[in-house]
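Following the hints, position chain B against chain A.
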Amino acid sequence: MTYISQYEYYENNGNNPEDLNWGSYQYVSLADVVTNFLLMYSGNHSLVNNEERFKILFHAKRAVQELNYDAFKEIKVLELNVPHTLRYILPSDYVNWVRISVYENGVLRPLSENIQTLSSGAYLQDNLSNILFDQNGNALSPQNSAIDYDRITGTKKSIYLNAGNQFDNQAGYNVDGFWYFDYAIGTRYGLNTETANANPTFNVDKKAGVINFDSGMSERLCILEYVSDGMENGDNSLITINKLFESYIYAYIKYEVLNAKFGVQEYVIQRAKKDKQALLRNAKIRISNIHPGRLLMNLRGLDKILK
Amino acid sequence: MSVMINSVRNTVIAVLNKNNYGYISPSDFNLYAQQAQLELFMKYFSDYNSIINKENARMSGTDYADFGKSYSEQMEEFIVTNLLTNTSVTSTLSNEYYLPSLVTTGDEDYMISKILCYSKILASGVNTSVTALQLVDSSASFVLAGVSIGDVVVNTAVSPTVTATVTSVSATALGLSANIFTLTPQSYRVFDSSVQNEAEKVSAGKITLLNMSPLTSPSVNYPAYTQTSDTIVVYPSSIINLPLQVQATYFRYPKNPKWTFITLANGEPVFDQSQPDYQDFEVGFQNEVGLIVKILQYCGVSIREAQVYQFAKQEETENNAQIP
Numbered sequence: 038m039t040y041i042s043q044y045e046y047y048e049n050n051g052n053n054p055e056d057l058n059w060g061s062y063q064y065v066s067l068a069d070v071v072t073n074f075l076l077m078y079s080g081n082h083s084l085v086n087n088e089e090r091f092k093i094l095f096h097a098k099r100a101v102q103e104l105n106y107d108a109f110k111e112i113k114v115l116e117l118n119v120p121h122t123l124r125y126i127l128p129s130d131y132v133n134w135v136r137i138s139v140y141e142n143g144v145l146r147p148l149s150e151n152i153q154t155l156s157s158g159a160y161l162q163d164n165l166s167n168i169l170f171d172q173n174g175n176a177l178s179p180q181n182s183a184i185d186y187d188r189i190t191g192t193k194k195s196i197y198l199n200a201g202n203q204f205d206n207q208a209g210y211n212v213d214g215f216w217y218f219d220y221a222i223g224t225r226y227g228l229n230t231e232t233a234n235a236n237p238t239f240n241v242d243k244k245a246g247v248i249n250f251d252s253g254m255s256e257r258l259c260i261l262e263y264v265s266d267g268m269e270n271g272d273n274s275l276i277t278i279n280k281l282f283e284s285y286i287y288a289y290i291k292y293e294v295l296n297a298k299f300g301v302q303e304y305v306i307q308r309a310k311k312d313k314q315a316l317l318r319n320a321k322i323r324i325s326n327i328h329p330g331r332l333l334m335n336l337r338g339l340d341k342i343l344k
Numbered sequence: 037m038s039v040m041i042n043s044v045r046n047t048v049i050a051v052l053n054k055n056n057y058g059y060i061s062p063s064d065f066n067l068y069a070q071q072a073q074l075e076l077f078m079k080y081f082s083d084y085n086s087i088i089n090k091e092n093a094r095m096s097g098t099d100y101a102d103f104g105k106s107y108s109e110q111m112e113e114f115i116v117t118n119l120l121t122n123t124s125v126t127s128t129l130s131n132e133y134y135l136p137s138l139v140t141t142g143d144e145d146y147m148i149s150k151i152l153c154y155s156k157i158l159a160s161g162v163n164t165s166v167t168a169l170q171l172v173d174s175s176a177s178f179v180l181a182g183v184s185i186g187d188v189v190v191n192t193a194v195s196p197t198v199t200a201t202v203t204s205v206s207a208t209a210l211g212l213s214a215n216i217f218t219l220t221p222q223s224y225r226v227f228d229s230s231v232q233n234e235a236e237k238v239s240a241g242k243i244t245l246l247n248m249s250p251l252t253s254p255s256v257n258y259p260a261y262t263q264t265s266d267t268i269v270v271y272p273s274s275i276i277n278l279p280l281q282v283q284a285t286y287f288r289y290p291k292n293p294k295w296t297f298i299t300l301a302n303g304e305p306v307f308d309q310s311q312p313d314y315q316d317f318e319v320g321f322q323n324e325v326g327l328i329v330k331i332l333q334y335c336g337v338s339i340r341e342a343q344v345y346q347f348a349k350q351e352e353t354e355n356n357a358q359i360p
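Protein sequence lines correspond, in order, to chains A and B.
Quick note on the numbering used here: the first sequence kicks off at 38 and runs consecutively.
Quick note on the numbering used here: the second sequence kicks off at 37 and runs consecutively.
Read the hints as simulated data drawn from the structure, not as lab findings.
Wrong hints could be hidden among the right ones.
[Stated by the list, open to error] With a straight-line Cα cutoff of 27 Å, these simulated DSS-like cross-link-like pairs (lysine-lysine) come out: (1) Lys194/A x Lys244/A; (2) Lys105/B x Lys79/B; (3) Lys291/B x Lys298/A; (4) Lys150/B x Lys92/A; (5) Lys150/B x Lys298/A; (6) Lys298/A x Lys90/B; (7) Lys242/B x Lys92/A; (8) Lys92/A x Lys294/B.
Bound-form chain A, shown alone (with noise of 0.2 Å):
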């Protein structure tokens, strides 16, 4: 990539959209990897040679995939209504969510993964559950599971303490100033911490493509934190690279092809490993910002009393 000018990184030379550049300096674009790395690590005198572009490319592209799963720390946010289908279609850019949350009254309340089954498939069947099928020899199915359509009305309990749980508005016994239940099995002792929460709960059906969520979000504004893999659509002019991976994606490249050549020495390959290795390493520290005023911040906690 080309230096720009201060107005055109400011104001885009007056285009729209204005802001296409800002921040621009912290990456490099896909094509300028292919370009340095063919340039400078390929050819007639260096380890690499007689390897197609194409190669390179995808090599490039992998392995911004795979930093965009985690080394990048480049989240992206979605914000959408959840509707009384109780579905999220997931983002069309959506690898894996990192947090998902309710937003309401100017508050993030952030939700808790459902362990349980919270949709499911079904078949319809006569009386004696045979499935029926149609004249292709395909099962028939309802519109709704009879999961799901218990969870899409609100009647679908939940080991969770929110509106969904068996309990909740059953009447208790107060006995000095405590609430004591009847409990239909056995007696619980305690709070399960990893159940006790207010707010709905969701899971996400991979293969579906959604995040079902309990009745409890019904129309309700869901905030969707997730990772891409930086693929920008298919589209290569758009792909960028932070700065400090730069180094770490020529290593890839270059050891991800020595790798997959024949007749390449171990030795030269586990170079490149280790090359590569340690250059993620430093990367993945440096991203992570940490440097004196952030340590201060946490050490300013030091002296809180733990009650």
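Just chain B, lined up with the frame of chain A:
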């Protein structure tokens, strides 16, 4: 540059006459000279490869010992860059282009070095009048459109298309490197020469797989091409919907040498380089000995004189032994 072909011929004849081995006619000499030059030209590439291997084995030096530099300079004498002609016979461009040939570019390619794709169109329209070496469109505003010297102009009204580069720019007219507009109205496109992407050569066996790969399928940023007998096909195939012009940089074959003469009264041919079909050798002077030896080999074979052939072969072996 002084003439090499006459010197080579004189030496060849002198060697042949030394022991009365016979006479070589000008037409035979020209045929042998062509073959000899071609052999040496193609040997550049294998020799260059040997030198690279030696360099990688740390058996070649730098500065005055840099044989790779010397060879690459000799090879680069034959590098040319030309815009390629689209194969479409309609005004809609296809993604297939003719390889360089005597008909389209005026020379034959030995090896393609790189293919560049221009994909940004700066201006298009129809010419309104005809002026030699110009594109004139009274309704255009080439300066405002950002057209600059070096940009590429394509006449898309003729098939196959013809191309030229911009040599000067004014509001409604562009100076061109070739006279490609001889009629009006003819449609044209002007491509930005600064927006270019290099296409990668992919074998015909791999292009299908490459097109199916989501990460590496050919794109405008990373185009690819396959080669057939006389055309190249540029990918992605949807590129036919884009304004596109392709330019090739390649090694051309050397021109056929021709020793031309005028015949005097006694019938002895006398060298005359003023003839219109005269053509000197194009390989460098450092190849003079090599040319003589090669031609002598052909003469030896031709007149069935094993001694001449052996002598030439021995000379060549000794000559090669001096190359590190």
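Now for the hints, and whether the structure bears them out:
no. : hint                : result
1   : Lys194/A x Lys244/A : holds, 25 Å
2   : Lys105/B x Lys79/B  : holds, 16 Å
3   : Lys291/B x Lys298/A : violated, 40 Å
4   : Lys150/B x Lys92/A  : holds, 18 Å
5   : Lys150/B x Lys298/A : holds, 25 Å
6   : Lys298/A x Lys90/B  : holds, 22 Å
7   : Lys242/B x Lys92/A  : holds, 12 Å
8   : Lys92/A x Lys294/B  : violated, 46 Å
Hint compliance for this structure: hints 3 and 8 are broken, all remaining hints hold.
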